[in-house]
Amino acid sequence: MAVHEHQGPVGQDARFNEYVVPELEVLYRVAYSITRNKADAEDLVQDTLLRAYRAVERFDGRYPRAWLLTIMRNAQINRVRRKRPELMHDPDETMARMADESADAADAETQIIDQTLAAPIENALNSLPEKFRSVVELVDINELSYKEAADALGIPVGTVMSRLHRARRNIRQHLELSSIEDE
Amino acid sequence: MATKKTNCREVARRLQSYLDGELDSDRMEQIKAHLDACVDCGLEYDVFAAIKTDLSALTAPAESDALARLREFSSRISEEANSAP
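Protein chains in written order, with this note's numbering: chain A, 8 to 190; chain B, 29 to 113.
Certain hints may be false.
Claimed, not checked - If the Cβ cut is set under 8 Å, some of the chain B residues that face chain A in the computed set are:
| # | residue |
| --- | --- |
| 1 | Ala40 |
| 2 | Arg42 |
| 3 | Ser45 |
| 4 | Asp48 |
| 5 | Ser53 |
| 6 | Ile79 |
| 7 | Asp82 |
| 8 | Leu95 |
| 9 | Ser106 |
Unchecked claim - Now the stretches of chain A that chain B is said to cover, found in silico as 3 or more residues with beta-carbon under 8 Å:
| # | segment |
| --- | --- |
| 10 | 126-134 |
| 11 | 138-151 |
| 12 | 166-173 |
The set of hints was computed from the structure by calculation and includes no laboratory data. Ideal Cβ placement from N, Cα and C applies to all residues, glycine included.
Based on the sequences and whatever the hints tell you, model everything.
Laid out in structure tokens, this is it:
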């Protein structure tokens, strides 16, 4: 493993461009899964980029996506702490509540129309509790590995697996019930 | 010597990880061989594979405007760092 000494701004820029910039799209998608709000997602990615830039000289170059997702997770916890300090007893619950509040704020009529027109699989996904839905979004939609999803959510890999597997079983049940109702 | 066959219960336990490619290569091969040979497990796999495929199709195109702004922000970070006294 290469040992990186302090290289100044030029080396820092090179490492930032090598390890961070290629992950921008993934970071934005994951940020949107976490915040459920486009403006918040963009702010969260910007915060993550600033932190990553400052830390990139110390990064060992292995698994940049996992490293960035951990930074993003910490950035999100700090953002929530600044906004709602009373909710910080359980970060997992806090993330879910923040997401639910964003969803509640959406226009009710739009939600009904979206639900009517959405594909059954989307309805099934939206029927899941937030903590299950976010794991499915990260692994199945954003194509993160279990480890990467665990880093993004700040939970153990085993928890990612159990939530994901339970979520898929629920989606399957939802789809089976939908097909029966349609007959 | 006959190798120990992977049984249905074990496959059920590892099916989701297999689907996600999260097992080591030996285990992946064992489960693939079982799925090819066992109709019930094969059907179970097909159901979850179809669900995963449908879910992956939900990918919303990343906002090109947002990404452009973030790329610009990335460039600005280093410019500002380099111009700082």
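Let me make sure I understand: some of the numbered hints might not hold for this structure. Which ones are they, in numerical order? Going through the list in order, the structure violates hints 1, 2 and 5 and respects the others.
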